[in-house]
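Engineer: This is what each chain is made of:
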Amino acid sequence: MTLHFTPVWFIAVPLLLAFLSPLWVRLRLLMPILLGAHVALFALALSWIPTVRVAPLLETIVIAPPLGIHLHLDAVSLLLVALFNVAGAVVSAFLWLSHAEPHLRGRPAFILILLLIAGSSGMVLTGDIFNLYVFLEIVGVSAYALTALRRDKQALEAGLKYLIVGSVAAIFILFAIVLLYLQTGQLNLAALARDFGHIPAPMQALIGLLMLIGLAIKAELFPFNFWVPDIYRGADPEITALFSGVLVKAFLFVLFHLVFLLLADPAVARTWLMALGATTMLVAEAVALRQQDLRRMLAYSSLGQVGLITLALGFASEATTAGALFHMVNHTLIKLLLFLLTALMLRRFLSVRLADLQGLGRAMPLAAGLFVLGALAVLGLPPLSGFASKLWILKGFAEAQVFWPIALILLAALLEAGYYFRWIKVFYAPEPPVTAGQAEGDWAYTPLLLIAGLLLLLGVAPFLLEDWFVQAAKALLGRGAFLESVLGVQP
Amino acid sequence: MSRVPLRKRFRVQTLLLILLCGWLLMLHLTLLLNHGLDGLTTGVGDTLLARNSETASANAVTSVVVSYRGFDTLGEVTVLFLAATGVGLLFAGGLTSSPVPRDRDSHPNEVMVTGTRLLFPTLLMLGVYVVLHGHLSPGGGFQGGVIVATAFFLRMIADPAFTLDHARVDFYESLSGSGFVLFGMLGLVLVSTASFLGNFIPHPVAAMGQLVSAGVIPLIYLLVGIKVGAEVGAIFQDMLEPEPAPDHDHAAKEL
Numbered sequence: 000m001t002l003h004f005t006p007v008w009f010i011a012v013p014l015l016l017a018f019l020s021p022l023w024v025r026l027r028l029l030m031p032i033l034l035g036a037h038v039a040l041f042a043l044a045l046s047w048i049p050t051v052r053v054a055p056l057l058e059t060i061v062i063a064p065p066l067g068i069h070l071h072l073d074a075v076s077l078l079l080v081a082l083f084n085v086a087g088a089v090v091s092a093f094l095w096l097s098h099a100e101p102h103l104r105g106r107p108a109f110i111l112i113l114l115l116i117a118g119s120s121g122m123v124l125t126g127d128i129f130n131l132y133v134f135l136e137i138v139g140v141s142a143y144a145l146t147a148l149r150r151d152k153q154a155l156e157a158g159l160k161y162l163i164v165g166s167v168a169a170i171f172i173l174f175a176i177v178l179l180y181l182q183t184g185q186l187n188l189a190a191l192a193r194d195f196g197h198i199p200a201p202m203q204a205l206i207g208l209l210m211l212i213g214l215a216i217k218a219e220l221f222p223f224n225f226w227v228p229d230i231y232r233g234a235d236p237e238i239t240a241l242f243s244g245v246l247v248k249a250f251l252f253v254l255f256h257l258v259f260l261l262l263a264d265p266a267v268a269r270t271w272l273m274a275l276g277a278t279t280m281l282v283a284e285a286v287a288l289r290q291q292d293l294r295r296m297l298a299y300s301s302l303g304q305v306g307l308i309t310l311a312l313g314f315a316s317e318a319t320t321a322g323a324l325f326h327m328v329n330h331t332l333i334k335l336l337l338f339l340l341t342a343l344m345l346r347r348f349l350s351v352r353l354a355d356l357q358g359l360g361r362a363m364p365l366a367a368g369l370f371v372l373g374a375l376a377v378l379g380l381p382p383l384s385g386f387a388s389k390l391w392i393l394k395g396f397a398e399a400q401v402f403w404p405i406a407l408i409l410l411a412a413l414l415e416a417g418y419y420f421r422w423i424k425v426f427y428a429p430e431p432p433v434t435a436g437q438a439e440g441d442w443a444y445t446p447l448l449l450i451a452g453l454l455l456l457l458g459v460a461p462f463l464l465e466d467w468f469v470q471a472a473k474a475l476l477g478r479g480a481f482l483e484s485v486l487g488v489q490p
Numbered sequence: 000m001s002r003v004p005l006r007k008r009f010r011v012q013t014l015l016l017i018l019l020c021g022w023l024l025m026l027h028l029t030l031l032l033n034h035g036l037d038g039l040t041t042g043v044g045d046t047l048l049a050r051n052s053e054t055a056s057a058n059a060v061t062s063v064v065v066s067y068r069g070f071d072t073l074g075e076v077t078v079l080f081l082a083a084t085g086v087g088l089l090f091a092g093g094l095t096s097s098p099v100p101r102d103r104d105s106h107p108n109e110v111m112v113t114g115t116r117l118l119f120p121t122l123l124m125l126g127v128y129v130v131l132h133g134h135l136s137p138g139g140g141f142q143g144g145v146i147v148a149t150a151f152f153l154r155m156i157a158d159p160a161f162t163l164d165h166a167r168v169d170f171y172e173s174l175s176g177s178g179f180v181l182f183g184m185l186g187l188v189l190v191s192t193a194s195f196l197g198n199f200i201p202h203p204v205a206a207m208g209q210l211v212s213a214g215v216i217p218l219i220y221l222l223v224g225i226k227v228g229a230e231v232g233a234i235f236q237d238m239l240e241p242e243p244a245p246d247h248d249h250a251a252k253e254l
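Just so you know, the protein sequences line up as chains W and E, in that order.
Once you know that position 289 of the first sequence is 288 in numbering that gives the first Met the number 0, the rest is easy, because the numbers rise by one and skip nothing.
Once you know that position 231 of the second sequence is 230 in numbering that gives the first Met the number 0, the rest is easy, because the numbers rise by one and skip nothing.
Do not take every clue at face value.
Example chain W residues on the side facing chain E (calculated, C-beta under 10 Å, incomplete) [unchecked claim]:
1. Ile10
2. Ala42
3. Ile137
4. Lys160
5. Ile176
6. Thr183
7. Leu281
8. Val282
Rough simulated footprint, nothing fancy, chain W against chain E, three-plus residues with beta-carbon under 8 Å [as the list claims (entries may be wrong)]:
9. 60 to 72
10. 84 to 90
11. 167 to 177
12. 193 to 205
Distance ranges between label pairs, derived from CB positions [said to hold, decoys possible]:
13. Leu349/W / Ala166/E: 54 to 62 Å
14. Ala63/W / Gly208/E: 23 to 31 Å
15. Val38/W / Asp45/E: 41 to 49 Å
To be clear, the hints were calculated from the coordinates, so they are not data collected in a lab.
This structure is a prediction, so every number in the text was calculated from the model and none was measured.
Note that beta-carbon positions come from the ideal geometry of N, C-alpha and C, so glycine has one too.
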């Protein structure tokens, strides 16, 4: 009997902890366990970096692929799993250390947050398309319940809306999976990738379209993201931080993982995906200019960044993909910072409308300072990490002699500067602040300062992770290597 | 009503949307129903069916559900667990400001009471049978668990004084769920299988068709049965009787 550290721990441990939650309630250990689990899984992820650098790790469950389910740990899935667990750790530390409302510290919140992160890790790790759907359901159901957690009118409305939209998206994806199975008789991603080319072309288009609509709804891409601001407005900002930081990233990864695997030549879909990304980015940034509520503004800003990442990933060159993965990490960190700051502001001012936040800089100097830092990082100003990742993406486009995305990205950055400075100007307005809520202790700022430190560190020294991002981009684009590692043959 | 013009009574957009959905459904059904008419396929399903004897489970569906794709089953159990958590979250304390309590003075009619008295033990036994024979005959943990929960649901309707103890339901749910994961992990750490959810109990093919056969499969299905029964029972209870939670008023004020 030996102790195996395998990728299945990323899923089995949170499930076990969630099932045992009545015990933690009795022992009063909910918050320490929530934080400890994510920190431990993050450490576990880091311990695999040397192994995965050599070759992807395949974890067979019961029966070897392509017959059974397997977990596929390569550089890109390891990167995202580590990122998700960091996000989980930051949010749970924030909930533990600050004066969070009781509904955010209870047993339901514990279960839902733990399984949201576990489900997202599962979606990224799994090598089987039906298993992917199961994790998608886990993530979906936890997200719907988390949205409605506060149980007031807005939260319930948002939860109901999310439930309906999310279920419709899930049905689209399920239809696509059913058709894939009927056409190929396979469920393993590598086997599907091998056989997808033999499906008749109209059927390929239908499956692609169903999958694209379902995943675009989930990943919040332009024509399908009408629901996002309402959800982000209705849910608690602590929860929204997880939606923007973890959920969207997991779905974006799934979308591009499937595109790069199933299509032998990703250039077929290049124009479409890039157009989708570019419209998402420009529309969201333009709409964000007019928002009066901080949560809605951040929601549109998040959509804009998702569009940028889609644009860069859709181009599918190694440099833009690596840059996009770096930007994914940055955007998760930045949006965690900004949404958690929103939570603090909401507790102090009881409203996050533009008119009510006059003179916030005097009541909460640290929060305002961190907000400025986060805003500058989104814009991509040196020496913050947003600069390094945007520069990488722009360089990738410039090397390929494609210039229209560069112009659009710079235009979007200008729009971003417009609305972020509009809010910063209000924060430092000379009017005296009108605070109605409680002041927060200094401990609540610890996780936020940690993120701010990471943003600075990654901006000053991007080379620390550069190699990992290049490896991850190669893993994401390397269809041949993926097929070979699972099926043992070169296609 | 009659003054409302016709074009306002029928929303054209809604009608078009319904028509579009109907057309898509027909298209999908046509695709599905026309498939597989030409006989054999060569999908994973057939390969797994051919290899079924290695699990020594007489019911091939069960060996796929619990063994080959047991990881999916663990996920599905988790989805149900999340749904039960969500329902408990939303219904505890009621959604309206003045929750409507279940009317304890209204007595269910005689047919309901007598019928339930007769049906309850039968249903319970059928449920347990379906769970325990999941590896031999059609059925298993999910189906049997729901049958058991239905038996308790009838009891709740027929006898207003009967309620499930929430703490005890939580205990069973927690025990069976963690038992499932622990079985999986035991398969992982034991050298003989070294795979999550591996079948580490000896399961000779000769015993196929007997009650004690197929190794861990019946044990895992039993845990699934307990978990599904407890969760569906808890959902019924939450929907039937919104218990005013003690901290609800407090929470409502904070919002």
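Engineer: Would you mind marking each hint as holding or not holding in the structure?
Structural biologist: Hints versus structure:
no.	hint	result
1	Ile10	holds, 8 Å
2	Ala42	violated, 19 Å
3	Ile137	holds, 6 Å
4	Lys160	violated, 15 Å
5	Ile176	violated, 12 Å
6	Thr183	holds, 7 Å
7	Leu281	violated, 27 Å
8	Val282	violated, 22 Å
9	60 to 72	holds (count 6)
10	84 to 90	holds (count 5)
11	167 to 177	holds (count 6)
12	193 to 205	holds (count 6)
13	Leu349/W / Ala166/E: 54 to 62 Å	violated, 36 Å
14	Ala63/W / Gly208/E: 23 to 31 Å	holds, 27 Å
15	Val38/W / Asp45/E: 41 to 49 Å	holds, 45 Å
Against the hints set out earlier in the document, violations occur for numbers 2, 4, 5, 7, 8, 13.
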